[in-house]
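Colleague: Model the full assembly from the supplied sequences, consistent with the hints where possible.
Chains as they are written, first to last, in numbering that gives the first Met the number 0: chain A, 0 to 158; chain B, 0 to 229.
Rather than coming from a laboratory, the hints here were simulated on the basis of the structure.
Any given hint could turn out to be false.
[Stated by the list, open to error] Derived pair list, reagent style EDC-like, types lysine to aspartate or glutamate, alpha-carbon separation capped at 20 Å:
| no. | chain 1 | residue 1 | chain 2 | residue 2 |
| --- | --- | --- | --- | --- |
| 1 | B | Lys81 | A | Asp99 |
| 2 | B | Lys187 | B | Asp154 |
| 3 | B | Lys81 | A | Asp115 |
| 4 | A | Lys135 | B | Asp174 |
[What the hints assert, rightly or not] For each label pair, taking beta carbons as the anchor points, the in silico distance ranges come out as:
| no. | chain 1 | residue 1 | chain 2 | residue 2 | range |
| --- | --- | --- | --- | --- | --- |
| 5 | B | Leu140 | A | Ile83 | 44 to 54 Å |
| 6 | A | Leu19 | B | Leu128 | 52 to 62 Å |
| 7 | A | Ile83 | B | Pro209 | 41 to 51 Å |
| 8 | B | Thr114 | A | Glu44 | 48 to 58 Å |
| 9 | A | Ile103 | B | Thr77 | 40 to 50 Å |
| 10 | B | Tyr135 | A | Arg82 | 25 to 35 Å |
| 11 | A | Arg82 | B | Glu51 | 25 to 35 Å |
The structure displayed is predicted, hence computed values, not measured ones.
The C-beta atom is built at its ideal place from N, Cα and C for all residues, glycine as well.
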Amino acid sequence: MRVQDLKNRRGQMRVVETILASFIIVAALSFVGIFAVSPTSPAYEITDLEKMAYSALHDLDQQGLLAPAVYSHSWSDLRTILRITMPNDVYFNLTICKIDGSPIYSGSQILYGDLDTFSEARNVVSISYCLVGIPKFNADGVHNADYDPIILVFTVTRG
Amino acid sequence: MANRGKRGQFIIIAVMLVALMIVSMGALMHNAITYYKHEPWEEYSTLIGDIEINSRKLVELSLASYTNSIGSITIIETNLAKWEEDLVDAYPNRGVTLASSGAQMLNSSQSSTNTATSNAQASFTLNILSIGLEGYTFNVLTSLTLSIKSVTTVDSNMTQVIAVVTSETGMPVTDLGETNFKVENATKVAVSAAYDSASVLEYGILHNGPANATIEVCDQRGISVVVSQM
Chain A
0 MRVQDLKNRR GQMRVVETIL ASFIIVAALS FVGIFAVSPT SPAYEITDLE KMAYSALHDL
60 DQQGLLAPAV YSHSWSDLRT ILRITMPNDV YFNLTICKID GSPIYSGSQI LYGDLDTFSE
120 ARNVVSISYC LVGIPKFNAD GVHNADYDPI ILVFTVTRG
Chain B
0 MANRGKRGQF IIIAVMLVAL MIVSMGALMH NAITYYKHEP WEEYSTLIGD IEINSRKLVE
60 LSLASYTNSI GSITIIETNL AKWEEDLVDA YPNRGVTLAS SGAQMLNSSQ SSTNTATSNA
120 QASFTLNILS IGLEGYTFNV LTSLTLSIKS VTTVDSNMTQ VIAVVTSETG MPVTDLGETN
180 FKVENATKVA VSAAYDSASV LEYGILHNGP ANATIEVCDQ RGISVVVSQM
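Modeller: Pasting the structure below:
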């Protein structure tokens, strides 16, 4: 009877060992997964860049930083804000146009990276973002609150 | 004996298969959790956000224009009509159409009470055909209210007015300073903000104008409201 019990227990131990082994494998895979940096999929790169570009402008506009910088022509401030907002490996070029497409400003101050980067890059994304205007103040209060639409053309690529 | 041994092996194989299923489930769960990253709708949600934010700003801008006597009461309709046209040009391949309705503005600054409000509202319906979005509606309501709580004569020259300024949320407007307040016929105006248990934040306006002076406040959005005291 005892020998029989021991034989049965030996079989159970194999099962327990296997379960423990599977737990170790799962735990090891999960642990490695924390440190694994999955490469960016080229299939989703365009979508990711579009999302990043839209989100950056949208967040800045929501925080009330974008429109004052654009309408006061603070180009270097705008470049600094975008540099802080965008990841380091993403290059950008911001062109500011009127609603008919004619550029208001297109210079090196709102450019991060080299122009060649954009011509040579594999995945380049260009999105547009609309602004309607801001009230302009002087010593007597508001002197201008006209509808003054502007389109921001934001071109981004990964370096 | 041989049969018993084989039975044990089958259990091990079964357990290994279960373990394999657990690992596969883990991989599937990981894919399910991170699936949204590869979906393109997030960029469109910011596009909707752009149109929504700037529609709100345009309503505020129209109210600022009207309350500062730059534009007439119909300025909101004119601006919104232009905005609807311009959106089509701004996003040519997206199939964006925006329709506004019920746009109106009100300025109660002319009435002689201790509270005055400037407000504007409009309803919008947005369609973006490229993503099959149809009938997305949002409402915009913006306002600025100035309430005079008390007027105290400090001395023969100076008067202190305690005022509360609130926005459309009902919460006090916190970012106002001396440049935001104007007091009729006053040459000196000093403004200080203080906590109040009832209205959260109130402004003390110390001025050398008449005790029943007309007080105007203009917030950072450019919206003005005037209280002509009794």
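Colleague: Against each hint, give a clear statement of whether it holds in the structure.
Modeller: Comparing the hints with the structure gives:
1. About 13 Å separates the Cα atoms of B/Lys81 and A/Asp99, which keeps this hinted pair within 20 Å; it holds.
2. For the proposed pair B/Lys187 and B/Asp154, the alpha carbon gap of about 14 Å is at most 20 Å, so the pair holds.
3. For the given pair, B/Lys81 sits about 38 Å from A/Asp115 by alpha-carbon distance, which is inconsistent with the 20 Å threshold.
4. The straight-line distance between the Cα atoms of A/Lys135 and B/Asp174 is roughly 17 Å, inside the 20 Å bound, and the hint therefore holds.
5. With their beta carbons about 33 Å apart, B/Leu140 and A/Ile83 fall outside the hinted range of 44 to 54 Å.
6. About 57 Å separates the C-beta atoms of A/Leu19 and B/Leu128, a value consistent with the hinted range of 52 to 62 Å.
7. Between A/Ile83 and B/Pro209 the Cβ separation comes to about 50 Å, which falls inside the hinted range of 41 to 51 Å.
8. Our hint of 48 to 58 Å for B/Thr114 and A/Glu44 holds, since their Cβ atoms are close to 56 Å apart.
9. Between A/Ile103 and B/Thr77 the CB atoms are about 23 Å apart, so this pair departs from the stated range of 40 to 50 Å.
10. Taking 25 to 35 Å as the suggested C-beta distance range, the pair B/Tyr135 and A/Arg82 conforms, at roughly 33 Å.
11. Checking the proposed 25 to 35 Å range against A/Arg82 and B/Glu51 shows it holds: the Cβ atoms sit about 27 Å from each other.
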